[in-house]
Amino acid sequence: MLFLNHIENAIQSIRSNRLRSILTAIGVTIGIASITAILSLGVGARSIISKQVDELGGTIAVVRPGVPQNTITQNINHLSGSQYAASTLTKQDISSLKKIEHVTEAAPLMILQGAVRGDTTPSSNANIIATSPSLEKINQLKLLDGQFLDPDLIETTAVVGHQLAVDLFGTEQVIGKSVSVRGQSFTIIGVLQPTHAPINFNTVDLDSSVFIGFESGILQNQGTAHIQQINLQVDSVNNLESVVVAANKTLLKNHLNQADFSVMYGDSIAQPNSQLFGIITGVSVAIAAISLIVGGVGIMNIMLVSVAERTREIGIRKAMGATNSTILMQFITESLILSTIGGIVGYGLGYLLAFGVSLLLTFDPAFSWQVAIAALLVSVVTGTLFGAYPAIKAARKDPITALRLYN
Amino acid sequence: MTEKTPPPVIELTNLKKRFGIGDAAHYALDGVDLTVKKGEFIAIMGPSGCGKTTLLNILGLLDGQVEGSYKLNGQPLESLSRRKQSHIRSEQIGFVFQSFNLIPRLTVLENVALPLLYKGDLKIKRLKKASKMLKTFHLGEREFYMPHQLSGGQVQRVAIARALVNEPSIILADEPTGNLDSNASHIIMEELSELHKKGNTIIMVTHNPYLTTYASRVITMLDGKIDTDTFHLPSTPAPYSEKIPLNKTESEGA
Ligand SMILES: Nc1ncnc2c1ncn2[C@@H]1O[C@H](COP(=O)(O)OP(=O)(O)OP(=O)(O)O)[C@@H](O)[C@H]1O
Ligand SMILES: [Mg+2]
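In order, the protein sequences belong to chains Z and A. Just so we're aligned, residue 1 is where the first sequence starts under this note's numbering, counting upward by one. Just so we're aligned, residue 1 is where the second sequence starts under this note's numbering, counting upward by one.
Since the hints were derived computationally from the structure, they do not count as laboratory data. Any given hint might turn out to be false.
Looking from chain A toward chain Z, a few residues come up when the C-beta cut is under 8 Å (computed) [stated by the list, open to error]:
#1 L62
#2 S86
#3 S216
#4 R217
#5 V218
Straight-line C-alpha distance at most 20 Å; calculated EDC-like pairs for lysine to aspartate or glutamate [claimed, not checked]:
#6 K125(A) with E143(A)
#7 K84(A) with E8(Z)
#8 K16(A) with E215(Z)
#9 K91(Z) with E215(Z)
#10 K84(A) with D63(A)
#11 K16(A) with D229(A)
#12 K16(A) with D63(A)
#13 K123(A) with E67(A)
#14 K123(A) with D205(Z)
#15 K125(A) with D205(Z)
#16 K16(A) with E91(A)
#17 K128(A) with E8(Z)
#18 K51(Z) with E101(Z)
#19 K123(A) with E91(A)
#20 K393(Z) with D63(A)
#21 K119(A) with E8(Z)
#22 K125(A) with E78(A)
#23 K37(A) with E11(A)
#24 K51(Z) with D205(Z)
#25 K132(A) with E143(A)
#26 K249(Z) with E101(Z)
Built from N, CA and C at the ideal position, the CB exists for glycine as well.
Only chain Z is shown next, with the shape it has when bound in the complex (with noise of 0.2 Å):
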């Protein structure tokens, strides 16, 4: 009842300063629109991968060495590419993968860092990959022109991903071009069509990628096969769990009861990558709340020359019979209000904002209650916690000062 009264009186007071109350709710309204602009796009950064492996038919697992990796630290590391270190994936382990039940493809992933050529510049940022051709299966690539690769042809072919046709050879017709990676020369018999994913569960970017036979991978890396993932396609999302189970069971026979690997699937595959982006949303975050403090102290600043303003308001409040804590409450919804409005306003702003970012990203905000709350809560916090000093001081006044102030 009197609360319903604190919100009229405050709806009133903020609308009698119309230009103050609108500018010391921009400060706010800046803070929550930075905060969930961040917010919206770093789930909407983090959720990639599970949808690319959603789209894949939620039918992948993954196969990566070392033991799963909790901390971010590790993750990091591994993000970071620890293709230098040893690798403790064989070929024995992939051929004991095929035969497990309900496993229709497997395929792995050699990674190799090194030149690569074209007819005249060499490309910096190319990422050498030595695969199997059942990898066109499993991730479901698609070829803007030729083919994969094929068992049945000579070793020596190469498929190139869109973004490093066009950055070797300026066209992407370049099918029977001869491409050197590492020095050894490879005919490229397939264009793959543009991804835009350069974050994807395989942790390379498939675009700016040349793809050569495993076998040829292992030549080029002096005989040994450096494993850094096993994709595995199940026949059936029904089966997942179980193929997952008998895979670690299988590689743990094949290592000799050593958990040095680890078996992924849905959400965990992505878990080193939404673990960074975790990371980057939160220190973004927190350089955007020094936006919300500022607003903060704009709501404390105005309340504070709100409570001078109305010393004899509060003095005959008070005589009236208004107790402390209802003068305390009435400025506090006053600044709660003032910082709710600059809120609702702000999280408005912050998705047009993520929209308008997002253009130029492969990925789109996401929409989440979550958010929504966070972007409510934030604000209510602020109005109540920079609104509480000036209010106290309100509440505190001394009747008989605040009367006798303009007598």
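Dock chain A with the ligands against the given chain Z, drawing on the hints supplied.
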């Protein structure tokens, strides 16, 4: 059959109020003894600075830092929590200040309805009561005016309407007729008289000796002490008693 007499509404014993400390200390009230019974209409007079407003503020529980004893309806001031004091202000006391009575950003109606808010009335009820009260002061057409759109006399009348709206048993009025002309002053005094007849206790500060005729008791103060204290029968000055009913328009001057 001895009927138990209720305690006096107000009982002050050797009440002192000091402002400042050390060498700068100054007693605005310097030993006031006063007993006010229910239904009295007291007019307080005295030179400027003798402590009239200070006394009224203390009586209205706005200032609790005093020496001596103050019992309100038999309850000592020290025994009342701050919340309880707010409650008493809301339920039992009506204030008219010396000046700047109204909250400038609220309408006349909202100003008058204010005491009812803290009493806990619903909005519709608040506005209805306030509107009714304003009508008795011939301010019905000014409900939605802002205070700065009123004349000085109208402001004082709105302030009195507000002091009465929660039907307080004690009315504390600090120069309610302030700088109004005698005609406007008597309209206000008639209202207070009316309330007095209904059994309310009224304590009013005034500088105008003619207005003390409405009161049942006149107290003069000097340097923080009570100087004289006279009881008499209240009477209404003849010229005005006939004039008031005819006075429908708001005629008050600067
Ligand atoms: N907050 C204060 N600090 C210091 N001195 C004060 C304070 N309030 C009042 N006084 C002093 O107390 C004395 C009494 O003041 P008070 O306002 O009660 O006078 P008054 O009788 O109402 O005068 P007036 O008729 O002019 O309204 C004055 O000397 C005044 O200076
Ligand atoms: Mg005074």
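Consistency of the hints with the structure:
At a threshold of 8 Å, the smallest CB-CB gap from L62(A) to chain Z is about 5 Å, leaving the interface hint in force. Taking 8 Å as the C-beta cut-off, the interface hint given for S86(A) holds, the closest approach to chain Z being about 4 Å. The interface hint given for S216(A) is violated, since its Cβ lies 25 Å from the closest Cβ of chain Z, which is over the 8 Å cut-off. Taken as an interface hint, R217(A) does not check out: its beta carbon lies about 24 Å from the nearest beta carbon of chain Z, beyond 8 Å.
At about 25 Å, the closest approach between the beta carbon of V218(A) and any beta carbon in chain Z exceeds 8 Å, and the interface hint on this residue is violated. A distance of roughly 15 Å separates the Cα atoms of K125(A) and E143(A); the hinted pair therefore holds under the 20 Å criterion. The hinted pair formed by K84(A) and E8(Z) fails the criterion: a straight-line CA distance of about 26 Å is larger than 20 Å. Between K16(A) and E215(Z), the direct Cα distance comes to roughly 105 Å. Violation of the 20 Å bound is thereby established for this hinted pair.
The hinted pair formed by K91(Z) and E215(Z) meets the criterion: a straight-line CA distance of about 10 Å does not exceed 20 Å. The suggested pairing of K84(A) with D63(A) holds, with an alpha-carbon distance near 14 Å, which does not exceed 20 Å. Simply put, K16(A) and D229(A) have alpha-carbon atoms about 18 Å apart, close enough for the 20 Å limit, and the pair holds. For a cut-off of 20 Å, the pair hint linking K16(A) to D63(A) stands: about 12 Å separates their Cα positions.
Restraint check for K123(A) and E67(A): not satisfied, since their Cα atoms lie roughly 40 Å apart, outside the 20 Å limit. A distance of roughly 66 Å separates the Cα atoms of K123(A) and D205(Z); the hinted pair therefore is violated under the 20 Å criterion. Our distance criterion of 20 Å between C-alpha atoms is broken by K125(A) and D205(Z), whose separation comes to about 71 Å. Distance restraint check for K16(A) and E91(A): the Cα-Cα separation of roughly 26 Å exceeds the 20 Å cut-off, and the hinted pair is therefore not satisfied.
Of the supplied pair hints, the one linking K128(A) and E8(Z) holds, its CA atoms being roughly 18 Å apart against a limit of 20 Å. Straight-line distance between C-alpha atoms of K51(Z) and E101(Z) comes to about 26 Å, which puts the hinted pair past the 20 Å bound. Restraint check: the Cα-Cα separation between K123(A) and E91(A) comes to about 17 Å, which is no more than 20 Å; the hinted pair holds. Distance check on the hinted pair: K393(Z) and D63(A) sit about 18 Å apart at the alpha-carbon level, within 20 Å; holds.
About 17 Å separates the Cα atoms of K119(A) and E8(Z), which keeps this hinted pair within 20 Å; it holds. The straight-line distance between the Cα atoms of K125(A) and E78(A) is roughly 34 Å, outside the 20 Å bound, and the hint therefore fails. Taking the CA atoms of K37(A) and E11(A), the gap is near 9 Å; set against the 20 Å cutoff, the hint holds. For the hint linking K51(Z) to D205(Z), the alpha-carbon distance of about 16 Å falls within 20 Å, and the restraint holds.
Restraint check: the Cα-Cα separation between K132(A) and E143(A) comes to about 10 Å, which is no more than 20 Å; the hinted pair holds. A threshold of 20 Å between alpha carbons decides the hint, and for K249(Z) with E101(Z) the separation of about 13 Å falls inside it, so the pair holds.
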